[in-house]
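If you want the building blocks of each chain, they are given just below.
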Amino acid sequence: MPIQILMPALSPTMEEGNLAKWCVKEGDTVESGDVIAEIETDKATMEVEAVDEGVIGKILVAEGTQGVKVNELIALLLEDGEDESALEGADTAAPAPSAPAQATDAPAKPDAAPAPTPAAPSTEKGDRIFSSPLARRIAAQEGLDLKALSGTGPRGRIVKRDIDAALAAGTGKATPAAPEAKAAPTAVASENKTISVDDPIFKLLPDYDAIPNSNMRKTIAKRLTESARDIPHFNLQVDVEIDKLMALRKELNSRDGADYKISVNDFLVKATSLALTRVPDCNVAFTDGAILKFKRVDMAIAVAVEGGLITPIIKDAASKGLATLANEAKDLAARARDGKLAPEEYQGGTFTISNLGMFGIKSFNSIINPPQGGILSVGAGEQRPVVKGGALAVATVVTLTLAVDHRCIDGSTGAAFIKELKALIEDPIALML
Amino acid sequence: MSDTNFDVIVVGAGPGGYVGAIRAAQLGLKTALVEAKHLGGICLNWGCIPTKALLRSAEIYEHMKHAANFGLGAKDVSFDLAKIVERSRGVSKQLSGGVGHLLKKNKVQVFDGYGKLLGGGKLSVEKDGKVFTTLSSKNIIMATGARAKSFPGLEPDGKQVWTYMEALVPNEVPKSLLVIGSGAIGIEFANFFHTFGADVTVVEALDSIMPVEDAEISAFAKKAMEKRGMKFKTGTLVKKLDKAADGVTATLEKGGKTETIKVDKVITAVGVVPNVENIGLEAAGVKLDERGFVAIDGYCKTSADGVYAIGDVAGAPCLAHKASHEAIICVEKIAGVKDVHPLDKSLIPGCTYCEPQVASVGLTEKAAKDKGYKVKVGRFPFMGNGKAIALGAPEGLVKTVFDEKTGELLGAHMVGAEVTELIQGFGVAKTLETTEADLMHTVFPHPTLSEMMHESVLDAYGKAIHF
Numbered sequence: 001m002p003i004q005i006l007m008p009a010l011s012p013t014m015e016e017g018n019l020a021k022w023c024v025k026e027g028d029t030v031e032s033g034d035v036i037a038e039i040e041t042d043k044a045t046m047e048v049e050a051v052d053e054g055v056i057g058k059i060l061v062a063e064g065t066q067g068v069k070v071n072e073l074i075a076l077l078l079e080d081g082e083d084e085s086a087l088e089g090a091d092t093a094a095p096a097p098s099a100p101a102q103a104t105d106a107p108a109k110p111d112a113a114p115a116p117t118p119a120a121p122s123t124e125k126g127d128r129i130f131s132s133p134l135a136r137r138i139a140a141q142e143g144l145d146l147k148a149l150s151g152t153g154p155r156g157r158i159v160k161r162d163i164d165a166a167l168a169a170g171t172g173k174a175t176p177a178a179p180e181a182k183a184a185p186t187a188v189a190s191e192n193k194t195i196s197v198d199d200p201i202f203k204l205l206p207d208y209d210a211i212p213n214s215n216m217r218k219t220i221a222k223r224l225t226e227s228a229r230d231i232p233h234f235n236l237q238v239d240v241e242i243d244k245l246m247a248l249r250k251e252l253n254s255r256d257g258a259d260y261k262i263s264v265n266d267f268l269v270k271a272t273s274l275a276l277t278r279v280p281d282c283n284v285a286f287t288d289g290a291i292l293k294f295k296r297v298d299m300a301i302a303v304a305v306e307g308g309l310i311t312p313i314i315k316d317a318a319s320k321g322l323a324t325l326a327n328e329a330k331d332l333a334a335r336a337r338d339g340k341l342a343p344e345e346y347q348g349g350t351f352t353i354s355n356l357g358m359f360g361i362k363s364f365n366s367i368i369n370p371p372q373g374g375i376l377s378v379g380a381g382e383q384r385p386v387v388k389g390g391a392l393a394v395a396t397v398v399t400l401t402l403a404v405d406h407r408c409i410d411g412s413t414g415a416a417f418i419k420e421l422k423a424l425i426e427d428p429i430a431l432m433l
Numbered sequence: 001m002s003d004t005n006f007d008v009i010v011v012g013a014g015p016g017g018y019v020g021a022i023r024a025a026q027l028g029l030k031t032a033l034v035e036a037k038h039l040g041g042i043c044l045n046w047g048c049i050p051t052k053a054l055l056r057s058a059e060i061y062e063h064m065k066h067a068a069n070f071g072l073g074a075k076d077v078s079f080d081l082a083k084i085v086e087r088s089r090g091v092s093k094q095l096s097g098g099v100g101h102l103l104k105k106n107k108v109q110v111f112d113g114y115g116k117l118l119g120g121g122k123l124s125v126e127k128d129g130k131v132f133t134t135l136s137s138k139n140i141i142m143a144t145g146a147r148a149k150s151f152p153g154l155e156p157d158g159k160q161v162w163t164y165m166e167a168l169v170p171n172e173v174p175k176s177l178l179v180i181g182s183g184a185i186g187i188e189f190a191n192f193f194h195t196f197g198a199d200v201t202v203v204e205a206l207d208s209i210m211p212v213e214d215a216e217i218s219a220f221a222k223k224a225m226e227k228r229g230m231k232f233k234t235g236t237l238v239k240k241l242d243k244a245a246d247g248v249t250a251t252l253e254k255g256g257k258t259e260t261i262k263v264d265k266v267i268t269a270v271g272v273v274p275n276v277e278n279i280g281l282e283a284a285g286v287k288l289d290e291r292g293f294v295a296i297d298g299y300c301k302t303s304a305d306g307v308y309a310i311g312d313v314a315g316a317p318c319l320a321h322k323a324s325h326e327a328i329i330c331v332e333k334i335a336g337v338k339d340v341h342p343l344d345k346s347l348i349p350g351c352t353y354c355e356p357q358v359a360s361v362g363l364t365e366k367a368a369k370d371k372g373y374k375v376k377v378g379r380f381p382f383m384g385n386g387k388a389i390a391l392g393a394p395e396g397l398v399k400t401v402f403d404e405k406t407g408e409l410l411g412a413h414m415v416g417a418e419v420t421e422l423i424q425g426f427g428v429a430k431t432l433e434t435t436e437a438d439l440m441h442t443v444f445p446h447p448t449l450s451e452m453m454h455e456s457v458l459d460a461y462g463k464a465i466h467f
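Respectively, the protein sequence lines represent chains A and B. First residue of the first sequence: 1, per the UniProt record's numbering; consecutive thereafter. First residue of the second sequence: 1, per the UniProt record's numbering; consecutive thereafter.
Hints listed in this document are in silico derivations from the structure and should not be mistaken for laboratory results. Since this is a predicted model, take the numbers as computed values, not measurements. It is possible that some hints are incorrect.
To be verified - Below, a sample of chain B positions facing chain A; criterion: calculated Cβ distance under 10 angstroms: (1) Asp-76; (2) Val-77; (3) Ser-78; (4) Lys-338; (5) Asp-339; (6) Asp-344; (7) Thr-406; (8) Thr-435.
Every residue, glycine too, gets a C-beta built ideally from N, C-alpha and C.
Can you build the whole structure from these sequences, using the hints too?
Here it is, written out as structure tokens:
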């Protein structure tokens with residue numbers, strides 16, 4: 001039975017690619033390692049090498065075909081001793097991705113000296129490296145990179161003798177970073193997928209300055225990657241009118257002897273905290289064993305600082321008055337920008353508010369700050385036409401977007417919170433109660 | 001019969017030869033199999049299989065004698081040796097017939113005669129001293145097996161001094177029996193005849209019985225058999241056998257001291273020698289190794305082009321499953337099948353069907369230490385296993401040897417009921433190169449004897465639960 005040549009995955013994330021060019025034609029003899037085709041992904045063009053030797057029997061996907069799915073059958077290779085008749089009845093349907101890609105039982109002529117077939121650890125099946133548990137453990141102990149080794153076990157599996165051979169030959173050493181990475185498996189998982197500064201793609205790009213990643217940058221990258229990857233986010237959006245709130249704010253701030261200046265954001269912090277105490281099912285964190293329902297609202301406020309952002313926390317925000325909130329927020333923000341916050345002032349928090357209104361952003365979606373269950377994104381307050389009692393009117397409107405962790409907060413729960421929040425903002429006197 | 005040219009010719013139809021022939025035919029090769037005596041070879045006709053049939057009778061007899069332990073009554077428990085032997089022969093016959101059927105089904109052409117290499121890809125087939133055909137092939141596989149070894153002064157005569165051939169078809173149970181050699185063959189016959197009433201003494205030249213086994217396991221088995229009344233003399237040589245009408249007097253020597261022992265019969269089981277004579281190895285230019293076996297490479301190829309050798313004739317361990325495995329490797333390599341790998345002999349399990357049974361795979365504790373491994377050793381006794389207690393078989397031990405550094409399972413050694421059926425679990429583990437972690441994560445069914453395999457692994461890392 002002819003050997004099936006499948007569309008290879010050239011990167012872990014590749015799902016499809018374009019068959020840019022065939023470097024062989026039907027009837028050509030190929031050896032293992034010969035370049036048979038060029039595959040184009042959205043990022044690069046790469047060469048596909050033959051894994052087996054034989055004669056190209058049939059090309060099934062024409063040159064220039066776009067969007068060829070990984071593992072789709074693209075050609076059939078005739079083994080030594082097979083002629084074109086073998087193509088008849090050969091299964092030309094794309095096999096299930098996990099189906100063995102080649103028949104191992106196919107006999108050649110008995111007196112033909114069979115050439116040893118160098119087996120690559122990952123073949124048509126994709127980028128998975130087949131290796132024994134013992135090989136993996138010794139490789140980890142010795143700092144070997146399995147990707148750099150080829151396997152001699154069944155179907156190219158990397159086994160102990162391959163590791164021993166690599167150690168004896170001094171090959172396959174992993175980059176020095178690898179042993180350190182062992183200590184933090186989650187970091188490995190996210191960092192492995194990060195493009196390297198050595199990636200050849202950057203040679204094609206304009207000159208650049210490389211700004212080393214600060215610790216803050218690394219933390220942002222790590223935590224938000226984990227959050228975006230692991231937390232099922234969904235968003236709820238609502239428009240709220242803040243005319244009454246603006247009026248109340250003006251009144252409060254213009255009182256005689258006022259030793260505070262309340263911002264719109266302070267109102268929103270207060271309203272959000274109160275809404276969370278009224279809908280405590282949204283003041284939660286998801287863990288593998290239980291949903292933690294917090295008995296207090298500690299509100300984190302995203303503050304942009306030089307080189308990143310930080311989230312100082314107003315503890316027990318729901319029970320604090322607007323003046324206290326305003327002063328505390330002002331103090332925290334100032335010290336955040338000066339880099340003078342104590343760790344306990346920015347670590348923790350049960351919920352976050354992020355406000356880009358001052359930049360004129362109408363609405364946006366934030367990434368949840370784990371382990372919190374939700375984050376509220378506040379857009380710019382602006383005058384918009386609204387319909388009131390069947391007539392067009394003008395109102396000052398802010399668009400709020402709530403992002404929540406669906407593992408612990410469902411749509412109706414989030415909506416209940418939003419409803420409470422909207423009511424509090426649009427009737428701000430209630431905040432005084 | 002006119003067609004004498006084949007893709008593959010296999011000489012010898014034992015567990016190496018017939019398996020190789022069937023596989024070759026399955027791979028589409030035109031295959032001939034040349035056999036002078038029995039399809040299935042020694043294994044099926046005069047070895048592994050008929051002894052298991054005899055030992056099954058012994059096992060049931062033993063159970064019947066102890067029926068009261070299980071709340072059962074059995075009066076006048078007796079045996080009929082002729083019937084026991086008849087059953088054993090019947091089992092061999094049935095299986096030999098099965099092999100014939102398989103060969104036919106796979107269209108292997110069987111030639112009844114002695115095969116002899118002529119060189120140049122030719123092989124003569126003789127019957128009754130006459131060559132009746134000459135076959136030719138670019139691939140000839142020699143699977144001629146081995147036979148009992150004999151030492152000067154200890155030569156078997158088939159009457160008072162037996163090999164396994166006579167011991168398999170006894171007319172009566174000898175009153176007293178001397179078994180020379182405590183490998184699997186010697187120990188199994190010693191157990192069989194002891195169960196049916198013989199006064200059995202086993203002599204072993206080395207310091208422990210079943211010398212290839214782990215010392216702890218060997219000592220455990222010896223103690224258990226001694227408890228049942230068998231006698232062992234280790235570190236002892238048999239200097240001579242004096243035959244008389246009323247028995248055989250054996251002169252034994254241990255540490256310079258000699259003693260004599262008089263017995264009805266003697267069984268010599270001091271190993272096997274390869275059948276390398278009169279098969280034309282010289283004519284074909286096939287070289288032997290320093291031990292007298294045919295020298296082969298990892299794919300069973302000999303020093304002569306187009307000639308291969310598998311099984312006992314190609315070297316130790318002389319075990320049926322090793323022969324069968326080599327057969328597959330050899331034939332698939334010839335056929336050009338991809339992904340053929342040389343046999344790793346450290347992965348070949350060994351089984352001895354004494355009471356209690358012994359089974360092992362990989363390195364003994366001592367061998368591992370001699371190789372420089374720092375080891376972690378786990379042990380679990382049958383006494384701690386529910387199924388063993390329920391079976392009434394609380395005697396036994398499962399021992400595992402790990403490399404402390406990598407967690408590699410270096411060896412597994414077992415003694416006790418049914419361990420020959422358990423060892424392949426560790427064989428799979430070793431072949432897949434699992435570490436202790438994978439074995440610990442494996443769920444073993446309850447209640448089974450196999451749980452002791454799990455516990456032994458856990459014990460190596462101080463985590464055993466039931467002991």
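Handout entry: Which numbered hints fail
Key = 1, 2 and 3
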